[in-house]
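Peer 1: Chains as they are written, first to last, in this note's numbering: chain V, 1 to 276; chain U, 1 to 300.
Worth flagging that the hints you see were computed from the coordinates, not collected in a lab. Each hint can be trusted.
Partner residues are not named here, just some residues of chain V that face chain U (Cβ under 8 angstroms, in silico):
| id | residue |
| --- | --- |
| 1 | 7 |
| 2 | 81 |
| 3 | 88 |
| 4 | 109 |
| 5 | 112 |
| 6 | 121 |
| 7 | 125 |
| 8 | 137 |
Computed from a predicted model, the values in this text were never measured in an experiment. Just so it is clear, CB atoms sit at the ideal spot from N, CA and C, and this is done for glycine as well.
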Amino acid sequence: METTPAKILIRVGAVITLVFLYVPLLIVVLYAFNDSIGQAWPIQDYTTKWFSAAWHNEQVREALPNSLLIATMATVFALILGSLAAFAVHRFRFFGHNAVSFLLVLPIALPGIVTAIALNNSINYFEIPFGILTIIIGHATFCIVVVYNNVIARLRRTAPSIVEASMDLGANGWQTFRYVTFPAIRTAVIAGALLAFALSFDEIVVTNFTAGSTLTIPKFIYNNIRLPRNRPIVNVVAVAVILIMFIPIYIAQRMAGGPDVQAAAANTQAAETPGL
Amino acid sequence: MAAIAQERPNDDGRTRASAFLYRHPRGKLALTLGAPITWFLVVYIGSLLFLLATAFWSLDVLTSQVVPGFSLDNFQTLWENDVYRTITIRTVGIAAAVTITDIVLSFPLAYYAARLASSRARNAVLVAVVLPLWANYLVRIFAWKIMLTPNGFVNWLAELTGLGSLQLGRSNWSVWLTFVYLWLPFTLLPIYAALERMPDSLLEASSDLGARGWTTFRNVMFPLILPGIAAGSIFAFSLTLGDYIAPELVGNTQFIGNVIYDNVGVAGNIPLAAAFALVPIAIMAVYLLGAKRLGAFEAL
Chain V
1 METTPAKILI
11 RVGAVITLVF
21 LYVPLLIVVL
31 YAFNDSIGQA
41 WPIQDYTTKW
51 FSAAWHNEQV
61 REALPNSLLI
71 ATMATVFALI
81 LGSLAAFAVH
91 RFRFFGHNAV
101 SFLLVLPIAL
111 PGIVTAIALN
121 NSINYFEIPF
131 GILTIIIGHA
141 TFCIVVVYNN
151 VIARLRRTAP
161 SIVEASMDLG
171 ANGWQTFRYV
181 TFPAIRTAVI
191 AGALLAFALS
201 FDEIVVTNFT
211 AGSTLTIPKF
221 IYNNIRLPRN
231 RPIVNVVAVA
241 VILIMFIPIY
251 IAQRMAGGPD
261 VQAAAANTQA
271 AETPGL
Chain U
1 MAAIAQERPN
11 DDGRTRASAF
21 LYRHPRGKLA
31 LTLGAPITWF
41 LVVYIGSLLF
51 LLATAFWSLD
61 VLTSQVVPGF
71 SLDNFQTLWE
81 NDVYRTITIR
91 TVGIAAAVTI
101 TDIVLSFPLA
111 YYAARLASSR
121 ARNAVLVAVV
131 LPLWANYLVR
141 IFAWKIMLTP
151 NGFVNWLAEL
161 TGLGSLQLGR
171 SNWSVWLTFV
181 YLWLPFTLLP
191 IYAALERMPD
201 SLLEASSDLG
211 ARGWTTFRNV
221 MFPLILPGIA
231 AGSIFAFSLT
241 LGDYIAPELV
251 GNTQFIGNVI
261 YDNVGVAGNI
271 PLAAAFALVP
281 IAIMAVYLLG
291 AKRLGAFEAL
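From just these sequences and the hints, can you work out the full model?
Peer 2: This is the structure:
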């Protein structure tokens, strides 16, 4: 299989895919400095004037605190419910076990518009006022999955023997959780929370159906993307969002760990276990 | 661990509580699973079932009021009206095209990361693949919108490379390109995971037995990574089926999602929207069953 020509082909293909992934992002960043309102390529003159225009934009000022509040609250809900669900599904075998794990991934397996219209329909019918609360409910529902996936993946990789050893050494359930289980899954929990935050901060498909007239950052972009006059400001907000998002995501990536990080963690755990 | 030793003797309330829970695993199960399941059943499954019910309701044409009841009128409208059928076929067709394109584009990079790269390069590639996913979804559509303008980057590149004037503008081609871009990381990661799990020994055995590259790929590698491909395809397919934003911003035709969005908003015919929302659910149910048979859920 891995003949030299095949390897070269694969490398070329790999480079093409990477370029395809990054050129659009690069172009958005460049256009944020575009002096002209038009979108002609190549860009003629560069400017930073849109950054202050965006900073002083009233809608942006309204949307940003909303987005931060919603993402924080959705993350808190997701963190609690997602971790609990991961523990239950990992630890216990019970009637409907598979149904539960299927149920939890449903919000990401079903098309987004289905979740969106289902929630919209219920909110409408029960006459709950559309606003920050309804957005949080929607976001928490699919953020639970992200935390759940991260935590259960780590639990599956954690050797059950360390929990048994802890019990044998006389620790009660709480102590075992506090000193053995939690340290083993801590980074997965944090990574899940960061991803949930990013997911909520990013979300538009469901938000459009649950927000009413409440403005969030994605809703601001969605509303203004079609107004050519406002496109430079949208562009600056877009770049700001890219930069803001990359920080939590980068940390989450480091924490959840690539394959090597995981292997290293497993080795460390194995080495530490006898000393418990 | 000194901390554990200090907290002895273990006859405080916490110990008794945890001992009780140890003896009564059902109590522990209820404590851990109760809250998340209640949330899901009430908020999510409740809403989905209610959506299902609403699909059988109808809209009073005169008062624009939703009338509860049981009628199959919405489904009849969807079935008999050519417009809805065309939109469904278009949505499924583009979703399939996007899924296949993403799989093809994913394979070389996934293969490189899983089997050719050094461990440092591999981690760098994985981070590089996932990062764009978190550059706001709308931002990524916006990127394609500005690249696809008449004198934008795509046409500039097409002329530069001698393809001539492409002028994709607002078209299904643009929607296809944008979707391929949006969901690529979702297909790539499961394919990568499948390739990484594939034991070298099987490939070596195949080549020892005289199989050439293509034969090994077709008969050994492909069956082994098929669950990963199926897993990745779920995301690309489902996300395309349920999207209304990319078609609205870079396309000029309607997708299932657009009809639903318009009926919830402007037209105010929620029962019809609810009925149409069942179409992607039904399609995904069939798709997930197929993916499950290919072992996709073990590869997630």
